[in-house]
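**Q** Chain A is already provided as a structure; the job is to place chain B on it using the hints.
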Amino acid sequence: MSFSVSERQRWMAVLARASLDELRTCLDAASPLPPHRRLRGPETGLIMLRGQAAAVGDRFNLAEITVTRCAVSLEGGTVGHAYLSGRDAARAELAAILDALLQDDATKPAWMAAVIEPLAAIQAENEARQRRKAAATKVQFMTMATTR
Amino acid sequence: MMRPGFHDPVPEAQGCFRAMLDAMSRPGRVHTLDVALDAPPPLAPATAAVLLTLADAETSLHLMPDGAAAGDWVRFHCGSAPASLPEASFVLSLGIHPPLSALRQGSEEAPEQGATLICQVRSLTEGEGWRLAGPGIRDFHHLRVEGLAADFLQQWAAQRPAFPRGVDIILCAGRQLAALPRTVTIEEG
Numbered sequence: 086m087s088f089s090v091s092e093r094q095r096w097m098a099v100l101a102r103a104s105l106d107e108l109r110t111c112l113d114a115a116s117p118l119p120p121h122r123r124l125r126g127p128e129t130g131l132i133m134l135r136g137q138a139a140a141v142g143d144r145f146n147l148a149e150i151t152v153t154r155c156a157v158s159l160e161g162g163t164v165g166h167a168y169l170s171g172r173d174a175a176r177a178e179l180a181a182i183l184d185a186l187l188q189d190d191a192t193k194p195a196w197m198a199a200v201i202e203p204l205a206a207i208q209a210e211n212e213a214r215q216r217r218k219a220a221a222t223k224v225q226f227m228t229m230a231t232t233r
Numbered sequence: 032m033m034r035p036g037f038h039d040p041v042p043e044a045q046g047c048f049r050a051m052l053d054a055m056s057r058p059g060r061v062h063t064l065d066v067a068l069d070a071p072p073p074l075a076p077a078t079a080a081v082l083l084t085l086a087d088a089e090t091s092l093h094l095m096p097d098g099a100a101a102g103d104w105v106r107f108h109c110g111s112a113p114a115s116l117p118e119a120s121f122v123l124s125l126g127i128h129p130p131l132s133a134l135r136q137g138s139e140e141a142p143e144q145g146a147t148l149i150c151q152v153r154s155l156t157e158g159e160g161w162r163l164a165g166p167g168i169r170d171f172h173h174l175r176v177e178g179l180a181a182d183f184l185q186q187w188a189a190q191r192p193a194f195p196r197g198v199d200i201i202l203c204a205g206r207q208l209a210a211l212p213r214t215v216t217i218e219e220g
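These protein sequences, in sequence, are chains A and B. For the first sequence, the numbering used here gives the first residue as 86, with consecutive numbering after it. For the second sequence, the numbering used here gives the first residue as 32, with consecutive numbering after it.
Simulated from the structure, these hints should not be mistaken for lab results. Check the hints yourself; a few may be wrong.
Unchecked claim - What follows is a list of derived Cβ distance ranges for each label pair:
#	chain 1	residue 1	chain 2	residue 2	range
1	B	ILE127	A	ARG135	52 to 58 Å
2	A	ALA139	B	ASP39	54 to 60 Å
3	A	ARG216	B	ASP97	54 to 60 Å
4	A	ILE150	B	ARG106	21 to 27 Å
5	B	GLN144	A	LYS223	54 to 60 Å
As the list claims (entries may be wrong) - Residues from chain A that face chain B, not an exhaustive set, calculated with beta carbons under 7 Å:
#	residue
6	ARG123
7	LEU124
8	GLY162
Here a beta-carbon is modelled for each residue, glycine too, at the ideal position from N, C-alpha and C.
So that you can see chain A by itself, here it is in the shape it has in the complex:
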């Protein structure tokens, strides 16, 4: 197994943001998923989100969020985890299986190409569109001052 923490954080984040439809579309085009065993869940619960004003202040409890988590193991013994916001059990289970597959050097390149990269591209595109829409409504309060 060769992957860095930040690498795993990236694919787990991509899986956590993907919708069930997007995941299924990618998986339909890929090779079938190997058999797995559920270790825990999928189960839904609440976790406390903590905030920090301007990333420097004291931490405070912002709100509770619904989270679904799942842990699975593959035949080789690799354990995959997923924590997703919302209560979609099927999505959490798929994300956990993919997390396990991505930790294994033998299966990682194929699944990165088949699932993570396409999903990351969709998410980058969505974010860029959102940014463009937001940018179009930006108000320049200092316009008078700076253009004078």
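**A** Positioned in the frame of chain A, the structure of chain B alone reads:
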């Protein structure tokens, strides 16, 4: 290789909790758990079920070294904070248990903080061996336990004067469990 916990956590944990409650209210009565649990060796199914039911992120658990082989499973499924022997609220022992006086005893004001020893033994049978008496038992109850420390009865009697402080014990063997709350008195016979 990591094994799963309860297949259906809510009803199975509730069923196991009910069995433990009955066991605690009727000391020495042997209950058989009806759980399909693939327990990791060296844990017996009853021991694993008791841990899954009682231990969670809000309790502290001390694993004796004889349970180290199942340590990963216990940490993954229970998520309990590890604690030293004198501080843990639950202590898991699979072989010869630690001296009862080494466990947390609670205080006069909060005797409920005394530790619970989850002890896996070789066998539990209702019959000649020990004669139990105390709340929850009409007259006497007989229980035979194999696999406890040789001086267990002395240790048990020694915690009696400190009542209500003390340690409660859940005995597990295979799919069976029985409880020894600190109120019970034990004699040979």
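**Q** All hints, please: hold or fail.
**A** Quick rundown of the hints versus the structure:
1. ILE127(B) x ARG135(A): 52 to 58 Å: For ILE127(B) and ARG135(A) the Cβ distance comes to about 44 Å; the hint is violated.
2. ALA139(A) x ASP39(B): 54 to 60 Å: Distance hint for ALA139(A), ASP39(B) is violated at roughly 45 Å.
3. ARG216(A) x ASP97(B): 54 to 60 Å: The hinted range 54 to 60 Å holds for ARG216(A) and ASP97(B), with Cβ atoms some 58 Å apart.
4. ILE150(A) x ARG106(B): 21 to 27 Å: Holds, at about 25 Å.
5. GLN144(B) x LYS223(A): 54 to 60 Å: Since GLN144(B) and LYS223(A) have Cβ atoms about 59 Å apart, the given range 54 to 60 Å holds.
6. ARG123: holds (6 Å)
7. LEU124: Given a least distance of 5 Å, the restraint on LEU124(A) holds.
8. GLY162: This hint holds: GLY162(A) lies near chain B, its Cβ roughly 4 Å from the closest one there, short of 7 Å.
Checked against the numbered hints listed earlier, the structure breaks hints 1, 2; every other hint is satisfied.
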